[in-house]
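Number of protein chains: 2
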Amino acid sequence: MRIVTLTEKEKNNILENMLKRSPNQYGKYQDAVDEILNAVKDRKDKALFEYTEKFDGVTITPETIRVTQEEIDEAYEQVDQELIDVIRKALVNIRSYHEKQVRYSWFDSKPDGTLLGQKITPLERVGVYVPGGKAVYPSSVLMNVMPAKVAGVDRIVMTTPPGKDGKVYPVTLVAANEAGVDEIYKVGGAQAIAALAYGTESIRKVDKIVGPGNIFVALAKRTVYGHVSIDSIAGPSEILVLADETANPRYVAADLLSQAEHDELASAILITTSMELAKKVSEEVDGFVAQLSRKEIIQKSLDSYGYILVADNMQDAIDTANEIASEHLEIMTANPFDTMTRIRNAGAIFLGEYSSEPLGDYFAGPNHILPTNGTAKFFSPLSVDDFVKKSSIISYSEEALKLVHEDIEKFAKAEKLTAHANSIAVRFEEK
Amino acid sequence: MRIVTLTEKEKNNILENMLKRSPNQYGKYQDAVDEILNAVKDRKDKALFEYTEKFDGVTITPETIRVTQEEIDEAYEQVDQELIDVIRKALVNIRSYHEKQVRYSWFDSKPDGTLLGQKITPLERVGVYVPGGKAVYPSSVLMNVMPAKVAGVDRIVMTTPPGKDGKVYPVTLVAANEAGVDEIYKVGGAQAIAALAYGTESIRKVDKIVGPGNIFVALAKRTVYGHVSIDSIAGPSEILVLADETANPRYVAADLLSQAEHDELASAILITTSMELAKKVSEEVDGFVAQLSRKEIIQKSLDSYGYILVADNMQDAIDTANEIASEHLEIMTANPFDTMTRIRNAGAIFLGEYSSEPLGDYFAGPNHILPTNGTAKFFSPLSVDDFVKKSSIISYSEEALKLVHEDIEKFAKAEKLTAHANSIAVRFEEK
Numbered sequence: 001m002r003i004v005t006l007t008e009k010e011k012n013n014i015l016e017n018m019l020k021r022s023p024n025q026y027g028k029y030q031d032a033v034d035e036i037l038n039a040v041k042d043r044k045d046k047a048l049f050e051y052t053e054k055f056d057g058v059t060i061t062p063e064t065i066r067v068t069q070e071e072i073d074e075a076y077e078q079v080d081q082e083l084i085d086v087i088r089k090a091l092v093n094i095r096s097y098h099e100k101q102v103r104y105s106w107f108d109s110k111p112d113g114t115l116l117g118q119k120i121t122p123l124e125r126v127g128v129y130v131p132g133g134k135a136v137y138p139s140s141v142l143m144n145v146m147p148a149k150v151a152g153v154d155r156i157v158m159t160t161p162p163g164k165d166g167k168v169y170p171v172t173l174v175a176a177n178e179a180g181v182d183e184i185y186k187v188g189g190a191q192a193i194a195a196l197a198y199g200t201e202s203i204r205k206v207d208k209i210v211g212p213g214n215i216f217v218a219l220a221k222r223t224v225y226g227h228v229s230i231d232s233i234a235g236p237s238e239i240l241v242l243a244d245e246t247a248n249p250r251y252v253a254a255d256l257l258s259q260a261e262h263d264e265l266a267s268a269i270l271i272t273t274s275m276e277l278a279k280k281v282s283e284e285v286d287g288f289v290a291q292l293s294r295k296e297i298i299q300k301s302l303d304s305y306g307y308i309l310v311a312d313n314m315q316d317a318i319d320t321a322n323e324i325a326s327e328h329l330e331i332m333t334a335n336p337f338d339t340m341t342r343i344r345n346a347g348a349i350f351l352g353e354y355s356s357e358p359l360g361d362y363f364a365g366p367n368h369i370l371p372t373n374g375t376a377k378f379f380s381p382l383s384v385d386d387f388v389k390k391s392s393i394i395s396y397s398e399e400a401l402k403l404v405h406e407d408i409e410k411f412a413k414a415e416k417l418t419a420h421a422n423s424i425a426v427r428f429e430e431k
Numbered sequence: 001m002r003i004v005t006l007t008e009k010e011k012n013n014i015l016e017n018m019l020k021r022s023p024n025q026y027g028k029y030q031d032a033v034d035e036i037l038n039a040v041k042d043r044k045d046k047a048l049f050e051y052t053e054k055f056d057g058v059t060i061t062p063e064t065i066r067v068t069q070e071e072i073d074e075a076y077e078q079v080d081q082e083l084i085d086v087i088r089k090a091l092v093n094i095r096s097y098h099e100k101q102v103r104y105s106w107f108d109s110k111p112d113g114t115l116l117g118q119k120i121t122p123l124e125r126v127g128v129y130v131p132g133g134k135a136v137y138p139s140s141v142l143m144n145v146m147p148a149k150v151a152g153v154d155r156i157v158m159t160t161p162p163g164k165d166g167k168v169y170p171v172t173l174v175a176a177n178e179a180g181v182d183e184i185y186k187v188g189g190a191q192a193i194a195a196l197a198y199g200t201e202s203i204r205k206v207d208k209i210v211g212p213g214n215i216f217v218a219l220a221k222r223t224v225y226g227h228v229s230i231d232s233i234a235g236p237s238e239i240l241v242l243a244d245e246t247a248n249p250r251y252v253a254a255d256l257l258s259q260a261e262h263d264e265l266a267s268a269i270l271i272t273t274s275m276e277l278a279k280k281v282s283e284e285v286d287g288f289v290a291q292l293s294r295k296e297i298i299q300k301s302l303d304s305y306g307y308i309l310v311a312d313n314m315q316d317a318i319d320t321a322n323e324i325a326s327e328h329l330e331i332m333t334a335n336p337f338d339t340m341t342r343i344r345n346a347g348a349i350f351l352g353e354y355s356s357e358p359l360g361d362y363f364a365g366p367n368h369i370l371p372t373n374g375t376a377k378f379f380s381p382l383s384v385d386d387f388v389k390k391s392s393i394i395s396y397s398e399e400a401l402k403l404v405h406e407d408i409e410k411f412a413k414a415e416k417l418t419a420h421a422n423s424i425a426v427r428f429e430e431k
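Here the protein sequences come in this chain order: A and B. The numbers in full-length UniProt numbering rise by one with no breaks, and the one at position 192 of the first sequence is 192. The numbers in full-length UniProt numbering rise by one with no breaks, and the one at position 29 of the second sequence is 29.
Among the hints, erroneous ones may be present.
As the list makes no split between identical chains, a pair holds if one copy fits it or if it spans any two.
[As the list claims (entries may be wrong)] Lysine-lysine pairs mimicking DSS-like chemistry, simulated, CA-CA at most 30 Å apart: (1) K410 to K295; (2) K280 to K9; (3) K89 to K416; (4) K28 to K44; (5) K416 to K20; (6) K46 to K100; (7) K28 to K205; (8) K41 to K28; (9) K11 to K279; (10) K54 to K44; (11) K11 to K41.
Rather than coming from a laboratory, the hints here were simulated on the basis of the structure.
Just chain A, with the same shape it has in the complex:
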């Protein structure tokens, strides 16, 4: 793995290089996606079934589109019982963490009869998209569904493309069922997003769509945004490890590779104040790569977006980490909590040498759906907040409004909105 001295120039080159991973070649698929969205909007189930035939090679009908209890039972028989047990253990932790995010409606009242408040209401229906294909990630199902469940969403609706046999992957069904999904439909692609956004005879419209997908799914989600809500568009994964000379090079190397294996666009970066650590990590990486099953993806990812940066001092290292704003940030320094207080931008922060990043992917409880590609500067991990909305509450008494009515009328008139002023004035006119 390449070792580079951290300079302003190198930092800017790396930041620019990483942004190249942004999926902004959307344009060329937009027409195809628009066509699918419009077809399903207009012809509903009929178009949905046609596209499923065309893209998934599967014939579905109003009778077979929804996964039945029998199919779920069948899936349980096909999944390793030990994996089911692990899913259940993980769910206990995921639920427990997300329950701490729950917010309550509040109000504040004064004896003059004013009451102001903020009402929290769960979304009514949420759609969770789960990709099909070879890479089946049950952990992603758990992480998308559980915050909605904890938020109190009435109905959680999942769509996922069927395999060639017309069935959904068993482990996906088990994960969905364990997490508490209410309805599962065997459709995928932009046509599934259209069905969730506009509704068809078989699938009722939802309020929000979450979950990862290919470029067609991402583009369809972006297009229906505003009509329904969506989560943020997922980008390629990243890990950044901040380490001083106390870090264990073997652990650092293994953790860097855990993200590099995701895909060729993934990025793994170590920033350290120790040249000795840098060299040892580089050696350990080479040793590991040779043994790992996804070595080709890993090598390509490391060659394109992997760096070991040696910084003059920890402050420079931290400043650079804040500029990169990594999805995952591991801190392996003598005092990781002290270092953490200086971190401004990161999706999830892992402290100390036993907080390996995959602990967060699967088990600890915090959500693994995190802002990528520098967006941790302004976006947050998926959370219970994403499945509720707020309403302001305003209640004034006659006494309270009387005290301020002239001020409000003055403000309204300054904005030349006389009907606004009138609506206040009318309450205090001579009767």
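Given chain A, work out where chain B should sit, using these hints.
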């Protein structure tokens, strides 16, 4: 104002009619906006100044682009002192309400050495767009800036197009200064959004852009979304009044008109269980319209999107209100708090006959930037939450990880991510 009996069919017609107000004719301006965005991205200040010359007819330079303290002082001399006093009073309430929204970082630890948490960090730089033109809304400046200020954003940067004289409207400057804006730049349109999103020599890049604007501004914001964060795209305003026979028809009528005056796409709807109230409100509306300065806009808005709906019973009325999901909802019933508990979707809810909607626009404290056009089903009022981001915190001890390491490895292997499994296993290998 038209009176219509509430039926399923009428309800669906109205819902469909209201959605026609959605600004989805974006397509034809996209190329023009892309050109501006790319020009400012590439040529920075040079392009920004060229477009300001072209669209605003004003020559700006690196020396004049930023509003100076002298210009702010000059503005204070031009604004009515009474209006300044009202702005200050409103700000006390707005700050006080938003301070109640502030959230704290938290953690939860266990004696086995695990610590999980959620860190809240304010955004570093936020851009607030303020439209120019004749309609100057100082209240909108306060409402966009104050939640960012309360959130603890380091730098709040405002851009607004200069008038023909090269100056910013005095009341905009006063409102910005009172609310605590740190930097003000005399640029507007898509070019201002580009400058905020990509940075130029004169304006440093921000993390998030908020504030209303014309279609070019809205489209530019939508295009840069992901590179920076944005607020939701504002749509036409709405009011919905839920009233029973106890409501004062004169107040209801005045409040309906306060929203109808915003623009021709605004919608004002009364849903009531009382035909008598319906008739009286309709008469009062006619009486008011004739006297109001914006009568032409109001009449057009009422003709297109104004309705008095008479429902069989309060439950039908409430169900319809929830489907419409109005930006503003006034409840004028015998027991407004009881009615409020049944409301699921609304941006801001005003209770009782003295909680007129403009009270919320200017003075009470809750934000007046609210989800429009049915999006209150999933979007929320602008709040302090919009100016912070969260990071998950994960810290495990050796003892804690040891207890679960085999479970995590099993999960990772089930997803065929062997480097993930390896990063956990390596911590417990024989040494």
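Quick rundown of the hints versus the structure:
1. K410 to K295: Answer is between: at 20 Å across copies they meet the 30 Å cutoff, but 70 Å inside does not.
2. K280 to K9: Within one copy, since 25 Å is at most 30 Å while 72 Å is not.
3. K89 to K416: between (61 Å within a copy, 19 Å between copies)
4. K28 to K44: both (25 Å within a copy, 27 Å between copies)
5. K416 to K20: The answer is between: 27 Å across copies meets 30 Å, while 48 Å in one copy does not.
6. K46 to K100: Neither. Shortest intra-copy (43 Å) and inter-copy (50 Å) distances fail the 30 Å Cα cut-off.
7. K28 to K205: both (27 Å within a copy, 28 Å between copies)
8. K41 to K28: both (21 Å within a copy, 22 Å between copies)
9. K11 to K279: within (19 Å within a copy, 70 Å between copies)
10. K54 to K44: Within. Shortest intra-copy distance 16 Å satisfies the 30 Å Cα cut-off; inter-copy 46 Å does not.
11. K11 to K41: Classified as between: cross-chain Cα gap 20 Å, same-chain 47 Å, threshold 30 Å.
Hint check: a violation occurs at hint 6 only; the rest are consistent with the structure.
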